[in-house]
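S.K.: If you want the building blocks of each chain, they are given just below.
2 protein chains.
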Amino acid sequence: MKNILFVITLVFAFASNLSAQDLLPSWNDGNAKKSITSFVEKVTDPKSKSYVKPEERIAVFDNDGTLWSEQPIYFQLIFAIDRVKALAKDHPEWKTEQPFKAVLENDKEALVKSGKEGLFKLIMASHAGMTTVEFEEIVRKWITTAKHPKFKKLYTELVYQPMLELLTYLRANEFKTYIVSGGGIEFMRPWTEQVYGIPPEQVVGSSIKTKLEFVDGNPVLIRQAQLDFLDDKEGKPIAINKHIGRRPIAAFGNSDGDLQMLQWTCAGDGARFCLYVHHTDSEREWAYDRKSHIGKLDKGLDEAQVEGWTVVDMKKDWKVIYPN
Amino acid sequence: MKNILFVITLVFAFASNLSAQDLLPSWNDGNAKKSITSFVEKVTDPKSKSYVKPEERIAVFDNDGTLWSEQPIYFQLIFAIDRVKALAKDHPEWKTEQPFKAVLENDKEALVKSGKEGLFKLIMASHAGMTTVEFEEIVRKWITTAKHPKFKKLYTELVYQPMLELLTYLRANEFKTYIVSGGGIEFMRPWTEQVYGIPPEQVVGSSIKTKLEFVDGNPVLIRQAQLDFLDDKEGKPIAINKHIGRRPIAAFGNSDGDLQMLQWTCAGDGARFCLYVHHTDSEREWAYDRKSHIGKLDKGLDEAQVEGWTVVDMKKDWKVIYPN
Chain A
90 MKNILFVITL VFAFASNLSA QDLLPSWNDG NAKKSITSFV EKVTDPKSKS YVKPEERIAV
150 FDNDGTLWSE QPIYFQLIFA IDRVKALAKD HPEWKTEQPF KAVLENDKEA LVKSGKEGLF
210 KLIMASHAGM TTVEFEEIVR KWITTAKHPK FKKLYTELVY QPMLELLTYL RANEFKTYIV
270 SGGGIEFMRP WTEQVYGIPP EQVVGSSIKT KLEFVDGNPV LIRQAQLDFL DDKEGKPIAI
330 NKHIGRRPIA AFGNSDGDLQ MLQWTCAGDG ARFCLYVHHT DSEREWAYDR KSHIGKLDKG
390 LDEAQVEGWT VVDMKKDWKV IYPN
Chain B
90 MKNILFVITL VFAFASNLSA QDLLPSWNDG NAKKSITSFV EKVTDPKSKS YVKPEERIAV
150 FDNDGTLWSE QPIYFQLIFA IDRVKALAKD HPEWKTEQPF KAVLENDKEA LVKSGKEGLF
210 KLIMASHAGM TTVEFEEIVR KWITTAKHPK FKKLYTELVY QPMLELLTYL RANEFKTYIV
270 SGGGIEFMRP WTEQVYGIPP EQVVGSSIKT KLEFVDGNPV LIRQAQLDFL DDKEGKPIAI
330 NKHIGRRPIA AFGNSDGDLQ MLQWTCAGDG ARFCLYVHHT DSEREWAYDR KSHIGKLDKG
390 LDEAQVEGWT VVDMKKDWKV IYPN
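In order, the protein sequences belong to chains A and B. In terms of the numbering used here, the first sequence opens at residue 90 and continues consecutively. In terms of the numbering used here, the second sequence opens at residue 90 and continues consecutively.
Fair warning: there could be bad hints in the mix.
For chains that are exact copies, the list does not tell them apart, and a pair is met inside one copy or across any two.
The calculated DMTMM-like cross-link candidates involving lysine to aspartate or glutamate, where the alpha carbons are at most 25 angstroms apart (straight line), are [unchecked claim]:
1) K265 to E144
2) K197 to E302
3) K241 to E206
4) K230 to E145
5) K300 to E396
6) K300 to E145
Treat the hints as calculated values from the structure; they're not laboratory data.
Work out the full structure, taking the sequences as your base and the hints as a guide.
M.R.: Structure (structure tokens):
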């Protein structure tokens, strides 16, 4: 027993050393950084009236525009386009059928014109019709080879260094970090553990239905061309309730699509933290908000003001955008 | 650095002490117990060719009939009946309307006759129409006060002691334990952490839809009288894929409703473990299998034989059934 107590004492001594270090070196000193560290210090201090037990320290993060870039279009849409091009040789009918014709001819105007229905067709043609294991392999191959059109880097290199540090900092303080994204749940899971340290079971996203079938006596899950759940706007609190079953105490987003998630999080009792990443850096990344067709941040910006949520000014608050 | 190494050494020494103890004292020595410990020793031994990294050590458990009893009817159905009785004063129309009339008059025959449709009405009348927070409170109150008709004990006292030990044993070996049950996800979450050590985010189950609404400016999730997902049979692998996103390496069930979950689990590569709890003890619990209207185990018993899965004979393999 004496030995165990000694071990515990040493572990604690080691842990407090850790928290004393600056785990957020890419954040400039300022209100944004200070609001984060103040919140974390307060909920982890057993003597504070805002103390939160470790198991209740749930933090949820949007992905597109919050953990990685989302311009000029959502990266998953580029994946869908690349996929349609790769599959075109088996689909001669796509040469004359929209939105596939637009994709194959790089006709952006026609693609935009195909609207939500066109987008749906594109997603289903590229994301359904294979087993979950096959799809995982397809994503894994794409994510480790495809390059961003502007930066000529892997998409996983276009993650935000300050947010990576924030994830690590929260986990060092016994937070459980989740992704809650409008993006596809099975599009993210193959790489989030390696890139963000977030394991598959802590990734929540939009999904299509799957069906259990037996092939040569082996069970497989076949991805169906049918929407299961859209994890956006009011869908986010619903998905959080379904997947996590606890209300988070901290939420991080960048668009109006995250507003309900932030509202849901910050409406809980006790200390809460809500943060918007505001894209203000047209040189190092992109600058967009109220009128953007992607990642529109309008109502959210107003509500952040009213509620006193933290708004990160990427240009001012972040020393670097991407890792190295 | 020297200190840290010392701490790590001590922690490891302490950990190996733990694993040397018998963490399964309520299991009689025999094939069932041996199959469990052999599997766990093999997947946790870094030198074994069957070694599995801790993050992949996912174990899934059915609840009704696997972790707690399910006779004379599913406990959640007793909850629904109790709830309808409690709400009856506000529903005078129930006096003449089935299946409510049957419930209020304790008319089992009429209740059975109302069939699946009657059951659906009963579940929706008792489980929908309130916020998620209110429902949690209702469940919490019932589960800490209602008593089982035969044993006159709280339902949470009718959990299987050997299975509690198994959960602890697996977690001590760095398994992540999940419930994957046909029961309601929000019916289980309020008490599984305290009773099984399984937190809400590791509970998967059937669900009804929820809707985000604002009451006095505060977001609430209202439970809708509409099925969202039925987590039974082929639904179990689908739910595992959706919620966990990894294939488990061990699965535990007791009925044909768990068969697809066991098939899905044991069809994976590498070392796998599938186990059926067979209800064979009419004295200490109940004895039922191929012809039971609840927890029917027929195809599963045949498949266990063919596949070499472990079948626990409750009467023979378990020293005790319930705690104390």
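S.K.: Look at each hint and say if it fits the structure.
M.R.: Evaluation of the provided hints:
Proximity of K265 to E144 under the C-alpha cut-off of 25 angstroms is found in both arrangements, the shortest distances being 8 angstroms within a copy and 15 angstroms between copies. In this assembly of identical chains, K197 and E302 lie within 25 angstroms of each other by CA distance neither inside one copy nor across copies; the values are 38 angstroms within and 38 angstroms between. Proximity of K241 to E206 under the C-alpha cut-off of 25 angstroms is found in neither arrangement, the shortest distances being 30 angstroms within a copy and 58 angstroms between copies. Proximity of K230 and E145 under a CA criterion of 25 angstroms is satisfied inter-copy only: 21 angstroms between copies versus 36 angstroms inside one chain copy.
When the C-alpha separation of K300 and E396 is checked against a cutoff of 25 angstroms, the pair qualifies only between copies, where the shortest distance is 23 angstroms, while the shortest distance within a copy is 43 angstroms. For a Cα distance limit of 25 angstroms, the shortest separation of K300 from E145 across copies, 23 angstroms, qualifies, whereas the shortest one inside one copy, 34 angstroms, does not.
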